[in-house]
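A.B. asks: Sequence:
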Amino acid sequence: MKIIHLSNSDISGGAARAANRIHKALIKKSFESRMFVNKKTSEDETIIEPYSKIEKMLIQFRPRIANLFIKLMRTKDSILHSISFLPSQWVKYINDSDTDIVHLHWVQHEMLSIADIGKIKKPIVWTLHDMWAFCGAEHYSQVDRWRSGYNKKNRPTYESGFDINRWTWLRKLNHWHKPIHIVSPSNWLANCVRESKLMNNWPVSVVPNLLNTDNWKPKDKNLARNTLNLPLNIPLIIFGTLGANNSYHKGYDLLMKTLNDIKDDEHLKNMELVVFGKNTSKPFPKMKFPIHYI
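Position 186 of the sequence shown, counted from 1, bears residue number 186 in this note's numbering, the numbering being contiguous throughout.
Simulated from the structure, these hints should not be mistaken for lab results. Keep in mind that a hint or two might mislead.
[Claimed, not checked] Simulated restraints, written as ranges between beta carbons of each label pair:
#1 ASP44 <-> PRO231: 37 to 47 angstroms
#2 PRO290 <-> HIS177: 53 to 63 angstroms
#3 ASP44 <-> GLN142: 33 to 43 angstroms
#4 TRP188 <-> ASP100: 29 to 39 angstroms
#5 ASN95 <-> ASP265: 56 to 66 angstroms
#6 ASN229 <-> LEU72: 47 to 57 angstroms
#7 LYS217 <-> ASN187: 23 to 33 angstroms
#8 LEU242 <-> SER30: 28 to 38 angstroms
#9 ASN67 <-> THR157: 19 to 29 angstroms
#10 LEU72 <-> THR157: 12 to 22 angstroms
#11 ILE294 <-> SER42: 16 to 26 angstroms
[Said to hold, decoys possible] Below, in silico cross-link-like pairs of lysine-lysine (BS3-like), each with a Cα-Cα straight-line distance of 30 angstroms or less:
#12 LYS28 <-> LYS92
#13 LYS40 <-> LYS122
#14 LYS197 <-> LYS119
#15 LYS219 <-> LYS250
#16 LYS76 <-> LYS286
#17 LYS119 <-> LYS71
Using N, Cα and C, we set each Cβ at its ideal position, and we do this for glycine too.
Assemble the whole structure, with the sequences as input and the hints as a guide.
C.D. replies: Structure (C-alpha cells):
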C-alpha cells in the first residue's frame, strides 16, 4: 500500500512530529510511505519538499498574504487563525500520483486551501492535531459556534469587523461535500468532531499519538530523578507544554487553580513543581515551594 502524508513541516512542532512518527512507523511495517511538506528540516529522503526556488519563495509569502485578510477581523482571541484560501500545487501532485491513501495532518500556513482539500480524488484519512478542521479560522475555540454553525447571531461580542471565522466555516461547508475519515488522538477531540455542525455525520476513530517504545519506555523512578537532579522522596507535580504559560489553551490556568486548591493539603505540603518544554517568556509567579525548569 502506498501512502502520502501531508504536513506543513516534517519535525518542527508537535503536530509535525506526531505525523512524522506515524510515517516512520508505517515504513517500519513495510508500507510505502512518503511525506510531503512545505518546510523540511530533516535529511530523510522519504520526506519531499518543493524543489523549485520559486515554490520555496512563495511558501514564505503565502502566510503573510493570508494574515492581511485575517487582520480584517478585530478580536481579543489570541489563538492562531488560518483561512486556508490560496490554491497550491500539492493537489495536482497528489491526484497525478499512484498513491492509495492520502493522510492529512496539520496543513495550515496556506499549505492547502479549503478548496484544495475538496479537490483531492484519492481516499483521505485526516488526523486532527487541533480543532481547526471543524471550526472557522480558529485552531481552538472556547465558544460553541462550531457546534451550532457560524451565523451572524452567535458571533462573540469581543469580535468586530469582517467575520473571518464565519467566512472560513462557510467555505468548508461549500467545498467539503464528501465525508472524510477523521482520526483523533483523544476521546475529547473525537467527541468534539461528533458534536460539530460540520462533521457530525463523518466517520471518526480514536488513535493515540505514536511513540517509539525503543526510545520511550519506563525507567526506575529513582534513577530518573537522579538523572534530572530532582528530589527523590518529595511529591512532584509535572507540567509541560510549548509556551507553557503564554497560551491560554495549554492548561496553565488549570495548573494555577490546582496548585491553589491543594496548597493546604497535608500530604502535599512539601511538593515541588517541575516545568518542562520550551522556555517561557513570562516567569511563573513566586510560590512557597521550589520550581524546577528542565
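A.B. asks: Checked against the structure, which of the hints given earlier come out wrong?
C.D. replies: none
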